[in-house]
Amino acid sequence: MAASARTKPIIYLPVVALVLVSLFPFLWMLISSIKPLRELYTVPPTWIPESPTFANYAKVIFDSNIPRYFLNSIIVSFGATALALILAIFASYGFARFGFRGKRYYQGFVLVGQLLPTAAIIVPLYIVLNWLGLINTYLGLILVYLILTLPLSVWMLIGYFKAIPVELEEAAIIDGSSRLGVLFRITVPLSLPGIVAVVVYAFVTTWNEFIFALCFATDSSVKTLPIGLSEFSTEFNTDWGAVMAASVLMTLPVALVFLGMQRLFVGGLTSGATKG
Amino acid sequence: MSRLDRNQGLLFALPALLMLAALIFYPLVYTGVLSVTDEAGGFVGMQNFSAMLGARLTATAFWNTLIYVGFSIIFQMILGTAAGILLNQNFRGRGLVRSTMLIPWVVPGIVAATTWAWMFHTEFGIVNYMLMSVHAIDAQIGWLTNPNTVMPALIAVNVWKMFPFVAIMILAGLQSVPETLYEAARVDGASFRDEIRYIMLPQLRPVLISVSLLLMIWGLNAITLIYAMTKGGPANRSLITPIQIFRQAFEFFQLNQAAALSLVFFLIIGLIMGIYIKLSEERE
Numbered sequence: 001m002a003a004s005a006r007t008k009p010i011i012y013l014p015v016v017a018l019v020l021v022s023l024f025p026f027l028w029m030l031i032s033s034i035k036p037l038r039e040l041y042t043v044p045p046t047w048i049p050e051s052p053t054f055a056n057y058a059k060v061i062f063d064s065n066i067p068r069y070f071l072n073s074i075i076v077s078f079g080a081t082a083l084a085l086i087l088a089i090f091a092s093y094g095f096a097r098f099g100f101r102g103k104r105y106y107q108g109f110v111l112v113g114q115l116l117p118t119a120a121i122i123v124p125l126y127i128v129l130n131w132l133g134l135i136n137t138y139l140g141l142i143l144v145y146l147i148l149t150l151p152l153s154v155w156m157l158i159g160y161f162k163a164i165p166v167e168l169e170e171a172a173i174i175d176g177s178s179r180l181g182v183l184f185r186i187t188v189p190l191s192l193p194g195i196v197a198v199v200v201y202a203f204v205t206t207w208n209e210f211i212f213a214l215c216f217a218t219d220s221s222v223k224t225l226p227i228g229l230s231e232f233s234t235e236f237n238t239d240w241g242a243v244m245a246a247s248v249l250m251t252l253p254v255a256l257v258f259l260g261m262q263r264l265f266v267g268g269l270t271s272g273a274t275k276g
Numbered sequence: 001m002s003r004l005d006r007n008q009g010l011l012f013a014l015p016a017l018l019m020l021a022a023l024i025f026y027p028l029v030y031t032g033v034l035s036v037t038d039e040a041g042g043f044v045g046m047q048n049f050s051a052m053l054g055a056r057l058t059a060t061a062f063w064n065t066l067i068y069v070g071f072s073i074i075f076q077m078i079l080g081t082a083a084g085i086l087l088n089q090n091f092r093g094r095g096l097v098r099s100t101m102l103i104p105w106v107v108p109g110i111v112a113a114t115t116w117a118w119m120f121h122t123e124f125g126i127v128n129y130m131l132m133s134v135h136a137i138d139a140q141i142g143w144l145t146n147p148n149t150v151m152p153a154l155i156a157v158n159v160w161k162m163f164p165f166v167a168i169m170i171l172a173g174l175q176s177v178p179e180t181l182y183e184a185a186r187v188d189g190a191s192f193r194d195e196i197r198y199i200m201l202p203q204l205r206p207v208l209i210s211v212s213l214l215l216m217i218w219g220l221n222a223i224t225l226i227y228a229m230t231k232g233g234p235a236n237r238s239l240i241t242p243i244q245i246f247r248q249a250f251e252f253f254q255l256n257q258a259a260a261l262s263l264v265f266f267l268i269i270g271l272i273m274g275i276y277i278k279l280s281e282e283r284e
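These protein sequence lines map, in sequence, to chains A and B.
Using the numbering used here, the first residue of the first sequence is number 1, and each one after it goes up by one.
Using the numbering used here, the first residue of the second sequence is number 1, and each one after it goes up by one.
Isolated chain B (complex conformation) (with noise of 0.2 Å):
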């Protein structure tokens, strides 16, 4: 190919690269700087981290986040593949049973939010009359208004939520794993329990690496079910770093501090990824 040719290529590139580089790089380095001055503009030090970083509540948002995102992923991947080597088997009417999988996850998150906060409602919501039916609790819970109970609550809409994402990857993983692995196994008297634990597994690696990898960065992002499920209530209890930023920025209009808080976020967010790629990498 010719020189010309080449420079073409990064010329059809470059208004995306240009956008994104607009709208990503040129902010993240803005938050540095946001994050060392005061609103005037003048330097300031690390003052805005100390504030920050010396508030109870930061400690708090960033307990609520790691349980938050580390419990989802943990149900998320669990039912994931569980419901995606259950979509691989033959039986009448999986085309339907696929479709129908994947509606927690099309439903946008907002209606999945609000439509579960009606089904915890304490007096007229589903969940506690089918459970007060079958006896499994005795009186009615404020799902979402009680500090116990609203952490697993919101868990447990976020795993509903995204498990299809999960299943739809393991099913087109399990899709590219050759027939002949299986017939050698049958061959050698293997059963189903086995085929899972010595072929499927194995073999989806690196689908379950990327795909946690995804879940871990969506989780972080998700401002969406927490927020319109409790705000971050009740007592801060399911307040996450993400609510807190935005707090910070648009409800105390601080955003010095904010950006202080979105930076080490962001740090200790890249800090974790680069120990999960590097720790999959290493047992490669």
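Chain A with its partners taken away, still in its complex shape (with noise of 0.2 Å):
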């Protein structure tokens, strides 16, 4: 709105600069994927591919351990995602509905995890976790991943649960309604788009997350998608034109999921960083 009067065709220069520098890359990536490896490797690079081929994508699919490690990512984001989920509702609701002793120093603690710094924990975490058996499975990841996500989801959800009006909470509870019936047969399904932001948000920071698959999931039936990429793109005679394809097929599912709830999440991540 601001500054409409003035709006002139100048504006135009930094905003084609913008798209360039952030669409560049992803389109190199895309262009590279389809290329075959002789026209990779040629001077000067070729803009719009001569011969282009799925071969890359194929030899991802079917001669690499990529689709593997596709489904150990589904797997640990997924969980990792219910569960921040879930503890995240019902620790939101008891911050955005009832008072208590000491809640400040409660919801100040939630806070601290999200400003960690999770290099200096990667240490006790692996002894931990290697002495609860843990290392090397599903499991181990999706729990620590909460360290990632659970703070952030809790901040989200307080503002949203906060929004909604009280009143219609009492009138259900005097109708004999329980307090869990209330908030899963009210607050939760009222508060749908902060429901849709955290799991928005958990679902793309797991997906992505390196440190902690670096550390704890170093065998190949638990390695998730980053970890196998990095090993992938680091070998010693590195395949660009199979890496840029795997890169691809990694961003895929992000980029859907983002794109198509892209209004919700970022409305959800600024309301809850006012409100909370």
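Rather than coming from a laboratory, the hints here were simulated on the basis of the structure.
Every residue gets a Cβ at the ideal spot worked out from N, C-alpha and C, and that includes glycine.
Among the hints, a few may not be true.
[Claimed, not checked] Here chain A is said to cover these stretches of chain B; the calculated rule only asks that three of the stretch's residues, wherever they fall, bring their Cβ under 8 Å from a Cβ of chain A:
hint : stretch
1    : 102-114
2    : 245-251
[As the list claims (entries may be wrong)] Quick list of in silico lysine-lysine cross-link-like pairs, DSS-like style, CA-CA up to 30 Å:
hint : chain 1 : residue 1 : chain 2 : residue 2
3    : B       : Lys278    : A       : Lys103
4    : A       : Lys103    : A       : Lys59
5    : A       : Lys59     : B       : Lys231
Using the hints, put the two standalone chains together into the complex.
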């Protein structure tokens, strides 16, 4: 809205620059992924592939461990998202609807998790997980991912829950509903945008996570996609066409989730920040 | 509310609190224990600390971390704020541009790393090709293998990856600036530059502070880009402390020394953040 009176054509100059800078690496990834090896290694590079091919994709899908890592990533991301969502719904409801002693400190404690440098706790986490027999298991990764997803999820949901009129809940309680009934029949359905925002946030964060996966999932039966991709690209003789194809495949789920729910997600992020 | 109701609130929050305590507080305390013991669990005093702090590599890594995080934040804030203000203007296709700008942030870190590594490729990379065709450079540069260019290249990728986040937060902040402020300024004959300087930036102060704090934390956490693109090389020129901790623990298997280094890293970060928060509160 601001400065609408003086919008000039010159504004398109920085706009075009912004779009180019944001989009170019992504486009180059797509272009490279459908070039045959011979064409990748030519100077000058071609902008439009002369002989486009899906051989790189075929190689990734049929001749590599990437599909297995993809499956691992799906399992870990879904598990971690579901667990974070359940815990966050209960915690946020407690914080949003009740007053209790020390609430401020508990809320602060939750947020501290978000501020923690992960590198500072990988060593003890490794020892604890090892002791519990959770190294190289899905469950181990799912649990540690709570550190990354839970704090912000709780924070975002508190904002949404607070925005729901308390009278709605009181009416239901007078009608004989229990607290849990109120939570799951009234509060949660009414904060659906917030729930979606939390799901998207948690899914994207865990899907992209690197360092915990690097330390705690070293066996190829549980390795996630980011680790698989990094190994793929640092092999002695890197096959850049295949790496780019694998990158495209890894980006697709995130891009779909994100673009589909982008408006909701960005709204949730900012409303949580201001209302919390 | 009755007393029962009060405890109910805590009850709801308890599972999440217990999980976080087990995953964060216990490990932190345990780091302290590890840092003053040896592999067999015997007390060794400050031996691990002196071994780590005495190593030349530690100082190098700290310095690299400082450079990497510091320069990243400066450019992320400048670019992000500019993009946020730009996207708050009225122009055709604004919605589409807003979504497009988010791409770098949405693309997984590891994908950004591999894509940029390919673009920075010495012989066949598009970066060298484009720079040479406009005669900005005379010969191919090994961006990620040359000790002098590796850090700037990594910072550039990090800035590219994170500036959209700053822009979105700035945009959200700008949208809550009351329109009347602009109107009043225009009546007084303010130019667009005046509006930025005297309305937008002061109104955005709280957003700028919290966003820069988040960027600092994420920057200090960020192993992905550097590990995937250079693994800390060449000759440790891009080795940052988190990577050093990782190596000490999982490549040299010296968990106790790694714990000592973690603790020092943690304390220094805590100190920096504390000072930063204090300073920004005082200037309110």
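Hint check against the structure, violated hint numbers in rising order: Hint 4 is the one this structure does not satisfy, whereas the remaining hints hold.
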